[in-house]
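Letter by letter, the chains look like this.
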Amino acid sequence: MLEFQNVTFQYAEDDYQMMKDLSFQVEEGAFVSIIGASGCGKSTIFRLINGLEQPQSGQIFYDGKPISSLSHFSAYMPQKDLLFPWRTVGQNLALPLEIGRVPKAEQQQKVRAMLKEVGLSDYENRYPKELSGGMRQRAAFARTLLTGSRLLLLDEPFSALDSLTKIALQQWLLQEWEKYRQTVLFVTHDVEEAIFLSDRVLVVYDRPITHLEAYPIPLPHPRNREDLKRPDMQELKEKLIKELGGGSL
Amino acid sequence: MKNKNWLSVAVVVGILLLWQGVAMIINAHYILPSPIQIVKKIWELKENLFLVQMPATLKVTVIGLAISIVLGLGLAVWMDECPALEKALYPVIVATQTIPTTAIAPLFVLWFGYSIWSKVLVTVLMTFFPIAITVFDGFKSTKREMEELLTTYGASKRDLFWKLKLPTALPSFFSAIKMAIPLSVIGAAIAEWLGAQEGLGYFSKRMMTQLDGAGVFAPIVILSAIAMLTVFIITKIEEKWITWRKD
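Those protein sequences? They're chains A and B, same order as listed.
FYI, in my numbering the residues of the first sequence are 1 to 249.
FYI, in my numbering the residues of the second sequence are 1 to 247.
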């Protein structure tokens, strides 16, 4: 569904390359996590996919077509919820629909249905400042879903949350995904989160990024946190942490 | 909050009492009229002040402020859309703020005579630039991440402006208006001092030539009351409208 072919990229203000001849693929309906240390270029991969940056060479394909010929095929959810403070939760969710010129009545219907889906029906007319961190993140996720894209790019969506909310939202995200089976690319630096959520973990090692090491996660769905205690999962977790340079200073 | 209000009332009352005391000791109303003398004067001249002079000044203020808002907003939007224009104009705009209005206003009287436009021009000159710059800075405070998010949704330049930049700049717009109102009143009064046939500023100057201290102060008191009242109203509108700001 998504394919990077020999992509090379460097930010104009940097004197080093972010990625060089990078190739990888993501299949339709897969949940794939990308992990790596902070500042390793994980988010840059997203910026290339959603067109905020252009590769110097190489190409990115979506459904076999170069992405330069497509427009908003992916839905991007950044680390911060970025809910617009002057819009109510309902109005925030309507943003991608407004920009897509969806008729008003249909907007309202879709927003209501989505609010129900993410359990925020009672908050349609509240402002973001009245919501807790977890609720804001759910609202931001709902807004991302309303773009209607089949490819979701989630950039460390839970990293700013406290650990209990984080666990609850991971479980919730997994349920949502098991229901809709969109293709999800999930950037994180949390190894456990990556293992729990994904079918496949891609690890970023070096800079420039020349390849992504792939680790399949053989856990069945639906999953629960107990699965993480399996010895092979524990082993994988330790291995990944070690390979990412963890455990040493 | 209530405590703070009381404190400021107490300070104002204290200053008035002190003023009254000093004025009574000096006992020369053409040098320092007492607050009571000023209030008496306002009452004595109430018909002339409120029905003739005040409407004349208000007319200048309102027309000047309206022109400034339209021009200021227009320039702010334009500079935001076109960075080359910003580079070219921003320093010039800042430089014009250093021109002393009292020095340039007589020139406008030469150009436009005693008509309303010489006074409107002074008012515009004083208020246009603060509005343009404050609102422009408001546009600039737009979060880049939010802009990028909308871009990934496929937003056009128009969408970005109406859905993101304008709401971001709204608090700055209110600040600009609150700043511009007192300036526009001062601008109108200064222009009237320098050349006019009616208005509160003109009246104050006429009383000066008659060495009527209380008469000089009376229109000034009315001018600042107008400015304070209008700013108060705008603040209330702002509170009603911008409810989403974080506490």
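Treat each hint with caution, since some may be false.
[Claimed, not checked] Pairs of lysine to any residue, SDA-like flavour, derived with a Cα cap of 20 Å:
1) B:K40 / B:L73
2) A:K104 / B:L229
3) A:K80 / B:R144
4) A:K80 / B:L150
5) A:K104 / B:L16
6) B:K240 / A:K80
7) B:K240 / B:L229
8) B:K157 / A:E98
9) A:K229 / A:Y215
10) A:K80 / B:L229
11) A:K80 / A:K65
12) A:K110 / A:R225
13) B:K143 / A:K104
14) B:K157 / A:V102
15) A:K179 / A:R225
16) B:K178 / B:K143
17) B:K140 / B:L160
18) A:K129 / B:T168
19) A:K80 / B:T142
20) A:K129 / B:L229
[What the hints assert, rightly or not] Coverage of chain B stretches by chain A, computed from C-beta distances (three or more under 8 Å per stretch; other residues unrestricted):
21) 86 to 100
22) 162 to 175
23) 231 to 245
Worth flagging that the hints you see were computed from the coordinates, not collected in a lab.
Even for Gly, the Cβ is constructed at its ideal location relative to N, Cα and C.
Hints, verified against the model:
1. Note on K40 (chain B) and L73 (chain B): the hinted pairing is violated, with a Cα-Cα distance of about 42 Å set against a maximum of 20 Å.
2. Using a Cα cut-off of 20 Å, the hinted pair K104 (chain A) and L229 (chain B) is violated, with the two alpha carbons roughly 40 Å apart.
3. Under the criterion of a C-alpha separation no larger than 20 Å, the hint pairing K80 (chain A) with R144 (chain B) is consistent with the structure, at around 12 Å.
4. Distance hint between K80 (chain A) and L150 (chain B) is fulfilled; the C-alpha atoms sit about 14 Å from each other, no more than 20 Å.
5. Of the pairs offered as hints, the one joining K104 (chain A) and L16 (chain B) is violated, with about 59 Å between alpha carbons and a cut-off of 20 Å exceeded.
6. Distance hint between K240 (chain B) and K80 (chain A) is unfulfilled; the C-alpha atoms sit about 28 Å from each other, more than 20 Å.
7. A threshold of 20 Å between alpha carbons decides the hint, and for K240 (chain B) with L229 (chain B) the separation of about 17 Å falls inside it, so the pair holds.
8. This hinted pair checks out: K157 (chain B) and E98 (chain A) have alpha carbons roughly 14 Å apart, not beyond 20 Å.
9. Between the alpha carbons of K229 (chain A) and Y215 (chain A) the distance comes to roughly 18 Å, so the proposed pair stays at or under 20 Å and holds.
10. Taking the CA atoms of K80 (chain A) and L229 (chain B), the gap is about 41 Å. The hint is violated against a cut of 20 Å.
11. The straight-line distance between the Cα atoms of K80 (chain A) and K65 (chain A) is roughly 30 Å, outside the 20 Å bound, and the hint therefore fails.
12. For a cut-off of 20 Å, the pair hint linking K110 (chain A) to R225 (chain A) is broken: about 32 Å separates their Cα positions.
13. Proposed proximity of K143 (chain B) and K104 (chain A) is contradicted: the alpha carbons are some 27 Å apart, above 20 Å.
14. Between K157 (chain B) and V102 (chain A), the direct Cα distance comes to roughly 18 Å. Compliance with the 20 Å bound is thereby established for this hinted pair.
15. For the hint pairing K179 (chain A) with R225 (chain A), the CA-to-CA distance comes to about 18 Å; that is within 20 Å, so the pair holds.
16. Our distance criterion of 20 Å between C-alpha atoms is broken by K178 (chain B) and K143 (chain B), whose separation comes to about 24 Å.
17. Between K140 (chain B) and L160 (chain B) the alpha-carbon distance is near 13 Å, which keeps this suggested pair within the 20 Å criterion.
18. Between K129 (chain A) and T168 (chain B), the direct Cα distance comes to roughly 16 Å. Compliance with the 20 Å bound is thereby established for this hinted pair.
19. Taken as a hint, the K80 (chain A) and T142 (chain B) pair is honoured in the structure, with Cα atoms around 15 Å apart against an allowance of 20 Å.
20. At roughly 31 Å between alpha-carbon atoms, K129 (chain A) and L229 (chain B) are farther apart than 20 Å, so this suggested pair is violated.
21. For the stretch 86 to 100 of chain B, the proposed coverage by chain A is not satisfied: 0 residues have a C-beta within less than 8 Å of a C-beta in that chain, short of the threshold of three.
22. Counting residues of the stretch 162 to 175 of chain B whose beta-carbon sits less than 8 Å from any beta-carbon of chain A gives 4, enough to reach three: the coverage restraint holds.
23. Closer than 8 Å: that is the beta-carbon criterion, and the stretch 231 to 245 of chain B has 4 residues meeting it against chain A, so the requirement of 3 holds.
Consistency note: the structure conflicts with the earlier hints numbered 1, 2, 5, 6, 10, 11, 12, 13, 16, 20, 21.
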